[in-house]
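Visitor: Chain by chain, the residues:
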Amino acid sequence: MLEPLVQNLVFGVLVGALYGLAAVGLSLVFGVTKILNVAHGELLMFGGYASFWAVTLLGIDPFLSLVPAVMFLAVIGYILYKLIFSRLVKLDESVKIQNTLLVGFGLSLILQNIALRLWSADTRGITTFYSGYAVTSFGIRFPVVRVASLVIALVTLLALELFLRRTYTGKALRATVENWEAATLMGIDIQKVYLLAFVMGASLAAIAGTLVSVGYSIDPMMGLNWTLTSLIVMVLGGLGSIIGTFVGGIVLGVTQSATGFFLSQSYREVVGLVLFLLVLVFRPQGLFGAKER
Amino acid sequence: MLKLDQIDAYYGDLQALWGISLEVREGEFVALVGPNGAGKTTTLKVITGLLKPKGGNMQFGDRRLDTERAHRIVESGISMVPEGGSVFTAMSVLENLEVGAFTGKARSSKDDSLKRVFQIFPRLEERKRQRAGTLSGGERQMLAIGRALMSKPKLLLLDEPSFGLAPILVQNVFEMIAEINRQGVTVLLIEQNIRVALELATSAYIIENGRIVGHGTGDDLLSFEFVRSAYLA
Chain A
22 MLEPLVQNLV FGVLVGALYG LAAVGLSLVF GVTKILNVAH GELLMFGGYA
72 SFWAVTLLGI DPFLSLVPAV MFLAVIGYIL YKLIFSRLVK LDESVKIQNT
122 LLVGFGLSLI LQNIALRLWS ADTRGITTFY SGYAVTSFGI RFPVVRVASL
172 VIALVTLLAL ELFLRRTYTG KALRATVENW EAATLMGIDI QKVYLLAFVM
222 GASLAAIAGT LVSVGYSIDP MMGLNWTLTS LIVMVLGGLG SIIGTFVGGI
272 VLGVTQSATG FFLSQSYREV VGLVLFLLVL VFRPQGLFGA KER
Chain B
1458 MLKLDQIDAY YGDLQALWGI SLEVREGEFV ALVGPNGAGK TTTLKVITGL
1508 LKPKGGNMQF GDRRLDTERA HRIVESGISM VPEGGSVFTA MSVLENLEVG
1558 AFTGKARSSK DDSLKRVFQI FPRLEERKRQ RAGTLSGGER QMLAIGRALM
1608 SKPKLLLLDE PSFGLAPILV QNVFEMIAEI NRQGVTVLLI EQNIRVALEL
1658 ATSAYIIENG RIVGHGTGDD LLSFEFVRSA YLA
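Residue numbers (this note's numbering), protein chains in the order written: chain A, 22 to 314; chain B, 1458 to 1690.
For the record, the hints were derived by calculation from the structure and aren't laboratory data. Where a beta carbon is used, it is the ideal one built from N, C-alpha and C, also for glycine. Worth double-checking, as some hints may not be accurate.
[Stated by the list, open to error] Restraint-style ranges between C-beta atoms, simulated for each label pair:
#1 Arg1520/B to Val116/A: 28 to 38 Å
#2 Glu114/A to Gln1516/B: 26 to 36 Å
#3 Ile1577/B to Gly127/A: 31 to 41 Å
#4 Ala95/A to Val1670/B: 51 to 61 Å
#5 Ile105/A to Arg1652/B: 50 to 60 Å
#6 Leu123/A to Arg1521/B: 30 to 40 Å
#7 Gly1476/B to Asn134/A: 51 to 61 Å
#8 Leu249/A to Gln1516/B: 50 to 60 Å
#9 Lys111/A to Ser1566/B: 47 to 57 Å
#10 Gly127/A to Arg1564/B: 35 to 45 Å
Put together the whole structure using the sequences plus the hints.
Guide: See below:
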């Protein structure tokens, strides 16, 4: 009994790292622009396809496809922001959320259908010669691709954390998160900060999407699920803490795995939503978020 | 130095400022006083570019301000201490000050500005590693003023620096503002605490219902019968 349980939890941690990565992108955009981008999952899906095609057409290593995928999504993020979201950030706080939700859902439908048209409804995944490799220790399998994905997710988030803490631009982003008016009074061009946050959010989605297509599978309809998962993790981890969000992702991954193991696989998704409600009711600042005065 | 000429401003369809004209000369300590909701903060928002005027003209030196974007106005030498300080609570004291020196010119002289701010507010140096959210009200106000000084302003705007502070701290904060003024920074101060403001200011404007209704030296206004009866009684 113990070995399959541990094996299950290990898989939970590995998938949870991707949940965390996906959620940090959503959380970054939300924190800075106060826009909840419900098309975040679709950006992730596009990242997955970008990587899939880079590998299939160019024959490069899947992990190397992170580079073109990130570049592609950065451009998409830039265009979407300039075309659509730059108009929404200027809205009054009271109507911002409703309007951005509407636009976001519309956008996610459009992106889904573009993907369907271009790439069909088939489920795809990237397979390489090392896809099946796993390191076994104490009878527990550690698939190399997924472990490498966890490491990449961790390195990405540490780099992001360093960027936000150490660089002037990073500090400008954090200042804008707290108070955009005060940030403007410091001479920060918040329009640029919003654009940067959005492009970074799309790029993070691209990294997550790539890792999903390498370790798991992608299809045009995957987006909504990833948006929901990211939202749950964002609330779990608490706004404004990257490490908290990452840990929140792992908590969700492990909880889902445990549920699958003890109850049934069909409760996997439900348990996330239950967790979401529990946190909102009993600890709205998130598991790791500090209570602000 | 700063000149507002017939400024009209709106929140949506609601007119908040009606033909505001005022002038701040170099080195002066000007107070803009008036009751709650008179348009004091709105006037500062217009000067800093957070709210764009619908009519009138605004000049800073030989630069036109009313068409300039907010973040560029800081670069031209105007810095503001928002109401209640509005420090970045999740960031450390030092980071708050660093962000204050965000603009290109200010950033290159960041270390000097930091020294200067720590000279005026030694308390901030003691607490520089602390999160700004853990500071007391008075310390936050100091940090907000210090942060505003980091951009090396020629003109410092202060929005009710006494708000929410204990009386003894109010005295303290005003002394520091006067000291900053003596060091060569022009000051435009907004206050509800009218007596203190008028005592310190070299000149003052009275604003009511979005209109300037009086102007004179601080002492003049203090002795004005209607000011006394309206605000100081």
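Visitor: Which earlier hints can't be squared with this structure?
Guide: 3 and 9
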